[in-house]
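Undergrad: Residue strings, one per chain:
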Amino acid sequence: MKGAVSIALAAASCLSMIAALFMVFVYAPTEAEQGIVQRIFYFHLPCAWVAFLSFGIVAVAGALYLWLGHRIWDDLSYAAAELGMLFCTLVLVTGSIWAKPIWGTWWTWDSRLTTTFILWLLYGGYLLLRAFGEDNQEIARYAAVLGIIGVLDVPVIIISVRLWRTIHPAVLLTRQGEHGLQDPRMVAALLVSLGAFTLVFVWLLWLRLSTLRLRARIGGLRKELALLEVAGAGARR
Amino acid sequence: MLEGFGPIVRKDLRLELRSGESTVALLSLSTLILVVMVLVFGPGGARRAEVAAGALWLALIFAGTMGSTRALVAERETGCIRALLLSPVEPGTIYAAKLSVAMIFMAEAGAGVLLILVLFFNLEFGRALLSLIPVFLLGILGLAALCTLLATVSGRVRGGAMLLPVLVVPLFIPALIAGSKASAAVLSGQPLGSVITWIKLLCAFDVLFVAAGYLLFEHVILED
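Order-wise, the sequence lines are chains A and B.
Counting in the numbering used here, the first sequence runs from 1 upward without gaps.
Counting in the numbering used here, the second sequence runs from 238 upward without gaps.
Simulated from the structure, these hints should not be mistaken for lab results.
What you are looking at is a predicted structure, and each value in this text was computed from that prediction instead of being measured.
Just so you know, even glycine gets a beta-carbon here, dropped at the ideal spot from N, CA and C.
There may be inaccurate statements among the hints.
[Claimed, not checked] Stretch-level coverage of chain A by chain B, calculated; a stretch enters the list once three of its residues show a Cβ under 8 Å from a Cβ in chain B:
| no. | segment |
| --- | --- |
| 1 | 82 to 89 |
| 2 | 142 to 154 |
| 3 | 157 to 163 |
All chains, full assembly: derive it from the sequences and hints.
TA: See the structure below:
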């Protein structure tokens, strides 16, 4: 059953990604002002959406873990945090590639960029905790709490960074033309790309979750084995 | 609801009165940070108020995170946390007590930092410094709320004492922006009313994280 789900998700992800590539590079027209560079936007926004989605999952799964105590929720929040970090990195990278020719700089302390970067730091800390901590319930509960307060922090971060930027003089010459998707073909390409990235995300999440479940099972079996060895040694004596 | 609050706070304060460890550690660390800031940016100049505000918050954030780690490590080593958990005190109450103590220590260190700041940056004792106090207190309440909730990491993870600032600082950034902006404005002579937006933001941050800490503390304090 699990194998079938995995294969189905993989097939759906591959097909939708091919469709998205076609839509982005062939179907959608080239943007008049920005030219070919604008096409990276069809990858940038879906990555951002998936990153935010995963940070949401980290918090919800963390809360469910604290409430219900079943390990699967902890594994889910761990897997989502890893993927969130991956896609958040992709957002920053694709954004920089776009910003260099359009804004003339790789990075600027614009409110959206700053917010994304702070989130990146936040979930980087979360993953460091997971990496340094052992695989036990104390760390799992701690990580759940961290995931919850991380998401609580997101609106405050957005507000504070926006206020911070409006007080500073604007560095940018032009505003980001993200909402300038006049052509309906552009909107279609964006929607297909969003769907494709969501499918890829679900597939990766499924794979990672299965790996973490396997790891938990192996851990359990090892413990059992150790107990049996102790019992066997006692019996021989 | 807050039964047991008083004894825990009294115990921690008495411990500090007798050893003075936290005060010494916090004050020496924050003094060093201030010295570094003055050496790097220079004490004078047109942006004096901003540099002073930045130095204040930088000193506070690192002294605060390290101070709370230290306090908690001592608690674990002596088995005090376990005793507290065995006692019929609610985890939320333990959190409130620990938060109050952390706040007192940070305020104490902050008073010292402010004094040094006035000397180093040649600021005026006066209304500007008085207006800084509410901003400062709101800021350390938020920091103490986060540190108290998250400090248990230091005993649970290899290198946890290093990890705490890595976890706390990104979470604290909204309050850091609000606090440092408001402090800079106030130190350069603007009235408190002009930074009301930042103060509101600090209040919202404090309410959010004190409430979150109160509700979530039981999950981080429990031991397996």
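Undergrad: Could you check the structure against the hints above and give me the numbers of any it violates, in ascending order?
TA: As far as the earlier hints go, only 1 is violated by this structure.
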